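Residue numbers (the numbering used here), protein chains in the order written: chain A, 1 to 260; chain B, 261 to 540.
There may be inaccurate statements among the hints.
Some but not every residue of chain A turned toward chain B, in silico, with C-beta under 7 Å [said to hold, decoys possible]:
id : residue
1  : L13
2  : A14
3  : P81
4  : R83
In case anyone wonders, no lab produced these hints; they're calculated from the structure.
The model shown is predicted, which means the values in this text are computed figures rather than measured ones.
C-beta atoms are modelled at their ideal positions from N, C-alpha and C, and glycine is treated no differently.
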Amino acid sequence: MPVLHDDLAGLALAIARGEDLPLRIDADYVNYPAAVALEVYRNNYRGNLHAALAGAYPVVEQLVGEAFFRRLTRAYIACHPSRSGNLHDYGDDMAQFIAAFEPARALAYLADVAALEWACHRAYFAGDAGTLDVVALARLPHERYPELVFHMHQACSLLHSRYPVAAIWQVHQAAMPDDCSIDLDNGPCHALVLRRDDAVGVVELPAADAAWLQLMHAGMPLGAAVAAVLEHHPDFDFQAALTNLVGQGVLAGFTLETTI
Amino acid sequence: MSMPAGHKLPCTAGIGLRAAHYREVLETLPGVGWVEVHSENFFGGGAPLHTLLRVREHYPVSLHGVGLGLASATPLDRQHLSALRSLCDAVQPAAVSEHLCWNSAAGLVINDLLPFPYTEAALSRVAIRVDQVQEKLGRRLLLENLSSYLAFPRSEMSEGEFLAELVRRTGCGILFDVENLYVNTRNLGVDAAAFIRALPAEAVQEYHLAGYSVRDGCLVDTHDHPVYPEVWELYERVLQQLGPRPTLIEWDSDIPLLPVLLGEAAKAQQRMEECHACLA
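Input sequences plus hints: build the corresponding full structure.
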């Protein structure tokens, strides 16, 4: 049905790319010309995508203010057409976009805040994972501990930044007082995104804990991962790190490395 | 966990449930017959789904999709459809609906509800997709009439005739958005009486009501106002001609306090009861 395709493609390009009005629509309506109708669709398109970005990046919007955020989303929308019928999928490139967005250059930390917010957005929608079976873990003979591979809950992710992005995120949550100040030189920061009782949170991890979690997440068994972390962080407290991550629901399960 | 009967929406008024009201609805359990949510807000099975399942313990739920784009020029998004199937399995909804519109062409997705020419060719393609969706979900899909701001000279039939033929070919049902029809009468000069006459009454399973706004002479289906008197009047005509059906108040932008939304639902409920009385 090439004619149908042409009609729809022409209208899609007119809405998203501002191209000329397609020829195959009625020119006039009861109270307005076709140009008004097209403008309504263009506004809907931009408005819906802007709302999706505002929903995913509330801290970025607070940091730059509504007017600058609108300028940012307008530029983003012009470069990034939507690819999904689910608006919650829209906006995944914002961190990279901000990093290259000239008007935001003075805000060096903004791209990392955006990356953290996208991780939070995905964490909210991420599927459920099991809880760590501590009884099965306790039954495991000690000599097999080095073979353990822990699995991170699919809502969790780790993010490293030169800036204190976890603190920036935290002071922009509704429950925090207005008069917080953050020293931008207080970085770097290892931010862990997690979800507990349906609420998404961001906590900061010690560098050694973050390195260990990263290695575990990459599939490295416990023995090798702890040894690798101790090389760079001789005071790494494995027991404390494990207790903390289990307590926060970050570790959703474990397997034993299969011996080849 | 016990769930209220899920196979059918009660013939009462319901409300569109949005994030702003999740907590209050769960804490106060207002006396409303059922709720409708946008399907895509619960894709993925995470925190939002947990909330919806708690709501589902107290109310029949209708899943209303805004993103499948059944009349698109591109193939049906399989991933989207699978996510909808998983959601249906989890929620056991009383109704599942989508819009008679498209959202994807030329490599672009336009996250809106877009109109298309009502042609025989379009009918064939939409019917195939409705069949695919109904097969995947294992249930009847309701298709909603569109509010449209433009029209195509190539259309070979009216939207009402298109919907009626779609019902005949696929066995789908119709979600009759009364406000959308009103918007089309004002913008496009659509004949409301002819539209209502064209619909097979037994296929109409649900009504929608909402408020619109006006931009440069064009009525825009913004769902950000109370239902206007003209739309209530049209609703009363629809009730008399097609009979009462589960009726939803939709409010998606500038969302009011919950009691305001419930007040609108009560107005719909009252009109349904008056209609029941006069039909009795």
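inquiry  = Could you work out which of the previously given hints the structure breaks and list their numbers from low to high?
reply    = Those not satisfied come down to hint 2.
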